[in-house]
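Participant: Given next are the chains, with one letter for each unit.
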Amino acid sequence: MNNVFGNKRAVLVFLGPALLIYTVIMLVPVLWSLGYTLFTGSVITGFEFSGFDNFAKLFSDPKVGEALLFTLKYAVILTVGQVLVGYALSLLYVFWLRKASSLVRTLVFFPIVLPTVAVSLLFQKMFEVAPQNGIVNEFINLLGMPSVDWFGSADTAFLVLVIMDIWRSMGFYAVLLYAGLLDIPEEVMESARLDGAGGWTLIRRIVIPMSLPVLLSSIIFSINGTLKVFDSVLALTNGGPGSSTTPLTLLMFRTAFSYGDYGYGSTIALLLTVICLLVTVFIFRSSRRDLTKG
Amino acid sequence: MTTARTARLRRSLVPMVALAGAGALVLTGCSAGGSGSGGSGDGASEFTYLSLTENTAVADILTGLSTGACKAENDALPLKVTNQPQASIDQQLQLLAGQDALPTLFAAGNTPQLLKDLNDSGQVLDLKSTFDDLGVSDDLLPAATSTIDSLYGAEIALPTEFNVEGLWYNKQILEQNGITPPTTWDELTDAAAKLKSAGVQPFSASGEQGWPLTRLVGNYLFRTIGPDALQKVADGDAKLTDPEYVEAAAAVAQLGADGYFGDGVGSIDYDTSLNTFTTGKAAFLYMGSWALSAFNADTNEIGAENIGFVAFPDVAGGKGSNAQLAANVGVPIAVSKKGYNDKVGAWLTCIADNYGAASLGDQGVLSGFAVKDDSVEVPPLTAELQTTIDGSSDSVLWFEALFDAQATTTSQTNAAQLVTGAITPEKFMELVQADLGN
Chain A
1 MNNVFGNKRA VLVFLGPALL IYTVIMLVPV LWSLGYTLFT GSVITGFEFS
51 GFDNFAKLFS DPKVGEALLF TLKYAVILTV GQVLVGYALS LLYVFWLRKA
101 SSLVRTLVFF PIVLPTVAVS LLFQKMFEVA PQNGIVNEFI NLLGMPSVDW
151 FGSADTAFLV LVIMDIWRSM GFYAVLLYAG LLDIPEEVME SARLDGAGGW
201 TLIRRIVIPM SLPVLLSSII FSINGTLKVF DSVLALTNGG PGSSTTPLTL
251 LMFRTAFSYG DYGYGSTIAL LLTVICLLVT VFIFRSSRRD LTKG
Chain B
1 MTTARTARLR RSLVPMVALA GAGALVLTGC SAGGSGSGGS GDGASEFTYL
51 SLTENTAVAD ILTGLSTGAC KAENDALPLK VTNQPQASID QQLQLLAGQD
101 ALPTLFAAGN TPQLLKDLND SGQVLDLKST FDDLGVSDDL LPAATSTIDS
151 LYGAEIALPT EFNVEGLWYN KQILEQNGIT PPTTWDELTD AAAKLKSAGV
201 QPFSASGEQG WPLTRLVGNY LFRTIGPDAL QKVADGDAKL TDPEYVEAAA
251 AVAQLGADGY FGDGVGSIDY DTSLNTFTTG KAAFLYMGSW ALSAFNADTN
301 EIGAENIGFV AFPDVAGGKG SNAQLAANVG VPIAVSKKGY NDKVGAWLTC
351 IADNYGAASL GDQGVLSGFA VKDDSVEVPP LTAELQTTID GSSDSVLWFE
401 ALFDAQATTT SQTNAAQLVT GAITPEKFME LVQADLGN
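Chains A and B supply the protein sequences, listed in that same order. Residue 187 in the UniProt record's numbering sits at position 187 of the first sequence, and the numbers go up by one each step. Residue 28 in the UniProt record's numbering sits at position 28 of the second sequence, and the numbers go up by one each step.
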């Protein structure tokens with residue numbers, strides 16, 4: 001192995017093509033986009049150097065503030081929801097369903113395979129109020145309460161979005177965490193049981209600490225995915241009502257491509273990148289500290 | 001790391017960096033050099049038309065002409081239609097314009113600003129001088145060209161549609177409730193109150209689209225402040241947050257507060273709003289004359305003879321009048337300057353001569369081209385509307401006509417919230433004004 005890596009020509013042959021493709025389709029556009037943050041204008045009207053104007057605008061723009069707040073709220077609530085429900089499901093698979101869990105696992109995993117747009121349409125119809133009531137409003141009516149215009153106000157639209165995304169992704173996290181739980185040695189569990197640990201104590205003292213690495217991976221996966229939420233919002237609420245469910249990604253997309261302001265759009269993209277980076281570094285750091293303690 | 005190893009590493013990195021750099025150059029070279037279908041040296045080699053996926057009327061008429069009246073022109077320069085969804089047409093045009101590869105004909109973007117920008121950068125053909133040169137200027141209706149002029153500040157688009165907008169009403173429902181077609185705002189709100197108490201939904205509107213609601217705000221402004229109401233805002237002489245402007249939003253919000261738009265107006269899409277009216281479930285529908293094709297179709301359950309049209313009503317004490325019809329040119333078609341040559345000129349001459357008759361005859365849609373064929377059969381409702389158009393003195397635009405893309409989006413996405421009461425009229429106008437930024 002050392003010999004291969006010692007040979008620079010071999011390194012070039014192995015790494016070169018991948019590095020070239022990576023450079024051309026990733027690094028160049030990323031740097032290009034970074035460059036755009038200092039410009040204003042569009043491809044039609046031409047670009048003009050504007051210094052740090054875009055950054056000044058970023059910090060005073062109420063739309064960015066609103067979108068940032070929404071993004072963080074969505075990311076935190078959804079990460080907690082996804083990982084908790086996923087973890088609960090994985091515990092269900094391992095401790096209660098055991099060998100019989102494969103059918104349930106497949107069924108719960110199924111929504112992740114479906115296209116987001118299809119799922120969004122499904123939920124739109126389920127929570128519809130006009131032209132006819134969806135199944136949810138029918139059920140509410142059955143209980144004697146009036147129909148709710150779910151997509152008419154910010155809070156209820158957000159609720160539907162959260163329910164949909166948790167339903168869609170819980171199967172994935174359940175399988176991920178299930179794999180982690182399977183890794184816990186049976187002997188450790190057995191000895192804990194012999195020591196009198198059972199039920200909740202077993203989970204708290206043995207299962208959670210031993211599945212912490214995979215739990216952390218899930219959180220990093222989840223928070224990075226949810227910070228970058230785009231398709232489900234676009235398809236379900238299109239950022240509405242008004243702009244109350246518009247995350248940074250959608251604001252960036254609209255600014256750059258619908259309004260033709262590539263410079264400011266890139267600046268919003270940079271903000272999103274920095275947030276993702278900070279969150280990941282923060283989680284990695286805290287996990288490292290935990291491991292050294294353990 | 002030893003110096004020798006560093007040197008070796010540096011040597012090995014040099015070709016890699018060079019390779020990456022070359023790759024980047026190839027990539028940028030590709031994007032700059034890619035010429036579109038309309039972009040050969042001496043104008044177009046195909047009569048390419050970038051159409052909106054949602055609007056097939058223009059493409060259908062052009063295709064019809066290519067095998068009929070314009071067959072010779074089509075043989076010389078074949079028509080080729082490509083489609084783009086309306087939601088992404090602006091992006092596509094920006095992309096093509098950036099590569100100097102606009103198709104010969106293209107549907108103008110969602111906001112007039114985009115075509116103005118394209119015109120400023122010299123990519124759009126000036127149709128006034130072109131049509132003068134071709135000797136077909138008389139084929140364009142003056143009302144349509146003046147609308148294009150007030151939209152774009154120049155005649156740079158073909159008026160493939162010429163729409164007037166107003167309130168369509170269900171004659172039967174109005175008669176049953178003893179209501180005469182309203183000519184003032186007070187009469188309209190009284191009629192709505194009467195209909196609501198009789199258990200009929202007064203208005204059908206798509207809050208999902210937003211514009212059918214903001215159109216009401218715009219028209220109210222034209223009636224109270226006058227036809228220049230929104231020009232003043234565009235020029236910075238007035239603000240949407242001024243009390244007389246907020247009054248318009250408040251008047252429309254009140255219609256919503258009174259429940260005149262029915263349930264879940266924010267979720268009603270365009271087709272549903274149209275269906276609600278054509279199935280007799282609502283008394284009024286604010287819509288443009290493009291809906292004539294739907295009204296004249298067999299799917300219209302209430303029948304075209306049962307539909308009437310009134311201009312947006314007067315507001316007491318206002319400076320505008322209901323003789324000023326709201327007009328637009330639908331999604332007009334622009335011509336690429338670079339793609340223009342004699343063969344394109346021949347096509348444009350043929351379109352100018354024949355489009356009006358083809359549009360009215362085949363689609364029942366009024367266009368901004370003169371109808372030169374007397375044998376075209378016009379459905380009664382369409383004929384009635386034509387009479388109304390001929391009798392109107394002046395035309396006005398719509399609420400977002402002079403806004404940029406951002407203010408347009410903000411206006412249309414917040415319209416449903418305005419009528420559901422989720423935001424106040426002041427807040428609505430404040431949000432839109434903030435995006436106008438003057």
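Note that these hints are calculated values from the structure, not bench results. Keep in mind that a hint or two might mislead.
What the hints assert, rightly or not - One side of the interface only, derived from the structure: several residues of chain B facing chain A at Cβ under 10 Å:
id	residue
1	82
2	84
3	88
4	91
5	117
6	263
7	370
8	401
9	405
10	410
11	422
12	431
Unchecked claim - Simulated coverage check for chain A against chain B, where a stretch passes if three residues somewhere in it have a Cβ under 8 Å from a Cβ of chain B:
id	segment
13	42-48
14	128-135
15	148-157
16	242-255
For each residue, glycine too, the CB sits at the ideal point set by N, CA and C.
Participant: Tell me, which hint numbers fail for this structure?
Facilitator: Of the numbered hints, 1, 2, 7 and 8 do not hold.
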